[in-house]
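Here the protein sequences line up with chains S and B, keeping their order. So the mapping is simple: the working numbering equals the position in the first sequence, first residue as 1, plus 16. So the mapping is simple: the working numbering equals the position in the second sequence, first residue as 1, plus 233.
It should be emphasised that the hints constitute simulated quantities derived from the structure, not laboratory data. What you are looking at is a predicted structure, and each value in this text was computed from that prediction instead of being measured.
Mimicking EDC-like on lysine to aspartate or glutamate, the simulated pairs with C-alpha atoms at most 16 Å apart in a straight line are:
hint : chain 1 : residue 1 : chain 2 : residue 2
1    : B       : K360      : B       : D336
2    : B       : K352      : B       : E287
3    : S       : K37       : S       : D64
4    : B       : K360      : S       : E349
5    : B       : K360      : S       : D348
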Amino acid sequence: MLPEQLTEHLNIALPPLLADKLTGTGVTDLERLSGGANNETWRLTWGDTPLILRRRPFSAGAVANLEGNILGLSLLDEAQVIQLASHTAVPVPTVYGVFDEQHPIGEAFIMAFIGGESIPQRWLTEAAFAPARDQLAYQCGEALARIHTIDCANLPGTIGPTTLTRRFEAAQDRLHAFGNVSPALQFGLNWLVDHAPADTPHVLLHGDFRTGNLLINNSGLCGVLDWELTHQGPPGEDLGYLCAHVWRFGQLQNPVGGFGDYADLIAGYKSVAGWSPDLSTIRYWEIFAALSWGLVCQTMGALWKSGQGDVERAAVARRRSEAELDMLLLIDEWED
Amino acid sequence: MNREEEMLSAEVSADSLLGAVKSFLIESAAPHLEGRDRFNARVAANVLGIIQREQTIRPALQALDQDAATRWLPDIDAGANIIQQLSLALARREIENEPGIFDYLKARQLLVTAINNPKYASRAIAKQRWQSN
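Chain B extracted, bound-state conformation (with noise of 0.2 Å):
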């Protein structure tokens, strides 16, 4: 369900949730809290900003480390935990040099700042680099 579609029906998704929330800490909450409190108030909006994210981008994120599974681990049990697994070969020293191996730790690590930290000045420069190759 859409936004659009979801305005015309009466759920109310996660993510309206927690957009509902996010509002009530920074608009409500925070102006009547000082110091440490209030500041960790904004935290937990931002927080909450970073579960909105995830929602979203997750399945892409999903596929881009199943891909890497098939590619570079084919041996793998079902359920095992991919990124532990991937990262356990790379210190081992087996999969660095794949060809593509560089490309797939790019692009996901541009998947992962979108959810933790779409405005990192960084992921602007590595965007820019990464994705006009």
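Chain S on its own, in the form it takes in the complex (with noise of 0.2 Å):
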């Protein structure tokens, strides 16, 4: 959609939403923010408020019958999850207001925009950032222990309970849906069943908290986004996700998102929960994200083939030679 066309909808859409909390009375500098392979990403302004606009640009239905999209929750379920998030001590932005596939919008919702540095390049390495950084595991930890404590009961429908075995079957119908491309993804997918732990009682996991989704400021870590991949699991996940090699962006020295240590990670962790996952339950989990963005990576291949994307998702589906190697790499430092 053009900004000049999304410009119009918006000033039609937001007044009846915005005019008992923001003073404005239209749209300016609408600017789409680069990133974001699924959903765009809008920078507006209204009055003085800068807001951020979150829209699916094509129907979620045309790539539905893809065996395992990794489109995750529609928007609406998204905005009603960081809602949830709200609640707790999480940094999370407010949301405005959602709209459905059927709005001339298009699905999508608006919310506060968080000042702070997303990129990782960015904050991984300049010397501003340096006390940021050192708070910033511990920091995680205790924000991903209060996510886990939010009540799955209130949850959309969309997010159900699941199991470890449901999840390694629906790994196995990918790699073979996607034509058994990858003999390094299957050998890891058996590892992984043979070395699984005790399947532990599940919370609302992020699913995607990872460096390149957090911002962060100089006190730390002051916004958490892209709430899209939540789900239901063991809270191990999230932790060995967010140290997942890929999610280092190049850092690898520094094993919590290129930023941190284990220590601090679960230490502040069970500064909130009274407990943390143990180091190799975390290691387990990093593996698994690495099957995971293996998988991702398969996907946007098979969504690009089918006219859905540009030349970055094409691209995107070489880097699932990345999470092969880590995922072989891993394995092998477990074995030693």
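Since each chain comes alone in its own frame, lean on the hints to assemble the complex.
Right, here's the structure in full:
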């Protein structure tokens, strides 16, 4: 949709939503932000207040027949989960309104803009963020423990309970559905099945809590974004995911997200929850995260072949080989 | 024909053509583009790099896979997809404990990442670990 059209639709839709919350009469400075392989992110100003619009640019139904699509939740459900998280001390943006796919804007929601740095290549390495990085692993542990306290009874019906066995079956289905193109991912899946931890009680997981989806300021963590992969699972999964090689953005020496140490992450989690998954459990879920990323890359390739997406999506399909390498490397290290 | 011989002849190899298009995308096109198109021009240049490296490395990869087929898929039909058949044999749990299978997968992955992203940080660690054994 062209920015002019979107502005027109927003100027009709927003006044009743924002009337008693923000001053302003119309949208200015609408600008599409880069990034986001599935959903568009737009920044706009309402009066003097910057806002963010998350919008799905195509009908989810168009790709629903692709086995194992990686679109995650509908934006409506994602908005509902963010609202649930806002009742904890987890820093999330205020959601002002949601639109379903019948709305002229399309499936979307509008929320507050949180200031902070999201680009990993900046805050992972720049000296100005060093004090923030020092406390970030602990803060991430705290935030994850708080997310895990959200009552699953309040979740949208699409975020149902599952089991580890079902997750393995789903992964195997996806390897078969896409033509069994990766002996490395198959070997890794076999290993994960054989080394699975005892299934623990499931909690609400963010599902994509990682460097790149966090907003950082001088005090550390100031925003947790991108809740579209939220699901139920064992707590250790979220911690291991944050430590996955792919989300360290080249800073492999810092196992937690490329910025911190395991001990700080565990201590932060324990400070809120009173307990924490142990290191070996976290490392197991790092290997699982490599499988997940490999499957996402594989799905990206299938989506691109079906005509959805541009050259970036085609290129991401080749990044499957990084996930395959990580799986083999982590298994090799585990076996030592 | 190596690069030096090519310089002396009238031939322009596929590799050189890819290099020319890559230079065009980065040096000529990208500076005139904005936003998503500028980003995608750089992605496209990287994709051409993948194709260049694949041309060079593919023969070694095919030889490795053929050797794996000889060892673990003795009954495979000529022309069958070796990678798919290996994956299926692993899924059926028929070959995962065969001596050498893990080493094959590791060697294969070093080649595949050499094509797709030779600078991936884990690759340096994996290479040091697996090639010193």
